[in-house]
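Engineer: Could you build the full structure based on these sequences and the hints that come with them?
Protein chains in written order, with the working numbering: chain A, 27 to 234; chain B, 64 to 409.
Because the hints were derived from the structure by calculation, they are not lab data. Be a bit skeptical, because a hint or two may be false.
Each computed DMTMM-like pair below joins lysine to aspartate or glutamate, with the alpha-carbon atoms no more than 20 Å apart [stated by the list, open to error]:
1. A/K192 / A/E228
2. A/K108 / A/D80
3. A/K180 / A/E117
4. A/K84 / A/E117
5. B/K380 / A/E221
6. B/K360 / B/D409
7. A/K131 / A/D80
8. B/K380 / A/D222
9. A/K230 / A/D204
10. A/K180 / B/D192
11. B/K306 / A/E225
12. B/K306 / A/E221
13. B/K174 / B/D123
14. B/K131 / B/D180
15. B/K380 / A/D204
16. B/K306 / A/D204
17. A/K180 / B/D123
18. B/K187 / B/E124
19. A/K180 / B/D241
20. A/K230 / A/D197
21. B/K306 / A/D197
22. B/K69 / B/D123
23. A/K122 / A/E111
24. B/K306 / B/D192
25. B/K306 / A/E111
26. B/K69 / B/D241
All of these numbers come straight from a predicted model, not from anything done at the bench.
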Amino acid sequence: MGPATMSESLIEESILSRPTYGTLKIVPGLAHYFLADASGAECVIRVVQELPRDMMEKVHILYVPTPGEAALITSLYALGAKRFEHFPTIEEAVAKLGDWLSDAKMGSQLYLAGTEGLVGQGVAKGEECGLDHTAVQCEHRGSLARRVQCVHCKTMIEDVTTQPVKCPSCDLLLLVRDHYSRRLAAFQGVCINAEDPSEEIEIKEVFK
Amino acid sequence: MTIQFKDESFRGDFTYANSPSNIPRFPFPFPEDEYMYSTNIEPHHAARAGSPFENAFDVDEHYVAEMKDRALVLADDPGRCQALPHMETAGWDFLELVMVSKARDYPDLFKLTMDGDRWHWINKPLQIDDTFTFGDSSTLPCHPMEYIGRQVQGDHAILDQRDGNLWMDAGIITAQADWSLDFDIGMNFFEWHAPVPLAHELGVFQRALKFLLTLPQGQPSRRLNWTLTVNPRLDTSPENYPKWGPDRMTVTPENIGEKVHLRVELQTFWRLPRSNAILFPIRTYLMAMNEVVTQPKWGRRLHRVMRDLRPELVDYKGLSRYHPILVEWLSQFDDGAPTSPGIFPD
Ligand code: HEM
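Structural biologist: In structure tokens, the structure reads:
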């Protein structure tokens, strides 16, 4: 994923399993695949509108809007990419990305922009489809909400903004660790009061 | 040499204990009176008859009971044994290494007969007598890693080597000191070690990886790692933390000698011949404080190590709740006399 450029990123560097993020920049390639959510849309617009018209044949864009939002859909559509599709959830958009990448040529480039959950799942899909990590660029934008896996019942919890977080499935109160799995595109959640379940812990908004 | 295998438990009523003759052969992990992380890797040569370093894969009185505990864990959580698709050849390499070593080192317990690819394996302690075709997984009841992993003490991770790194792409992990294979599978050396404090900054992991990447076949290495566990429980996984975490609240000055166990991992590193992967056995030894202090040198030294342990390590190893009581309790075994170098008892 390349060295972290901190200038446009909100994420501080921490432990080594955590991903680092850069700034999207077009590099030579036979095809350019973009995946973004609402917070990453402007990154896609920023780099794609710089491209010469005849390159738009190689550009494919997937987008996950926030519900009810239309202006960014219009702007992304207006870029004139060969393909542009939008989906209500990250999961559906990532599945579509998998379809596209499985037909993709060698020398394809993948660009991911937006929240950590979207970027992480895009990276995992790229890896699964055999894309070399040097062909994947990530730009983090927007909320610091985390995707968390409960280590106890293995439930994936999306958009976690609090520390700790209650697992919706097994009800345990989870400490959200910095330990991150790229394969799962998730941080690890571990019971915070397992030793003394009577301990009360205040839930605070920290990943905003 | 015959081994009397014990009928004992690592959960519930915790009947696990070491026989008096098993105590001096414990791999005490402290060669000095103080401890800090280092790249403590040495050749896995046969050392000291009777010690756990004598054979490639040490078999002791806990073998049969440990394999029963592994079967219980796997029945409850199949995710403790996972292999990415490209790791099958490495699984066969692992099976071969264990069978050949055990049949050579413990001929009264294990027997391997090879007729070309037709292999006949007898494991007397576990009452297994199987014939299979080496390299053909359809002739085994499961993946070769799982088949042999259910017959060898200790957890086993298998690391694929590519892009100048090691990748944890397979493992059978049922007796871990608080890390999750299901979460870590597919990570590289730096990623799975990410939660460890201080060692990254000290360059320990950079040096260790460099060493491992050039590990030659036929020249295994080893290191010791340690932590403490309340009750002789093998399965201290993060998955089951709500089951074992509360044990940490039960330690008192009265019961600490029997409750708190020194948990030592004899870790070895083996280059595998066909897959070029590295096999990483993590062989866990548990010994109650009461048993440790029967060796005066160990009692003295353990007091000094625990007293001076860096706070970051106390925290990372999960000792905070009972560390002060432990240091106080151990002080009665430390008369201030000098200790001899090395790990073996006097
Ligand atoms: C190549 C095989 C190895 C594997 C699969 C492995 C795996 C692990 C894992 C899973 C952890 C737990 C991390 C956590 O908190 O989640 C760990 C801890 C650790 N590892 Fe490794 N490791 C390997 C080799 C090494 C080597 C060669 C060293 C040499 C210095 C080393 C030093 C450590 C240390 C110091 C810790 C912290 C242990 C503690 O304080 O209890 N590891 N290792």
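Engineer: Okay, which hints does this one fail, numbers in order?
Structural biologist: When the structure is compared with the hints, numbers 4, 10, 14, 16, 17, 24, 25, 26 turn out to be violated.
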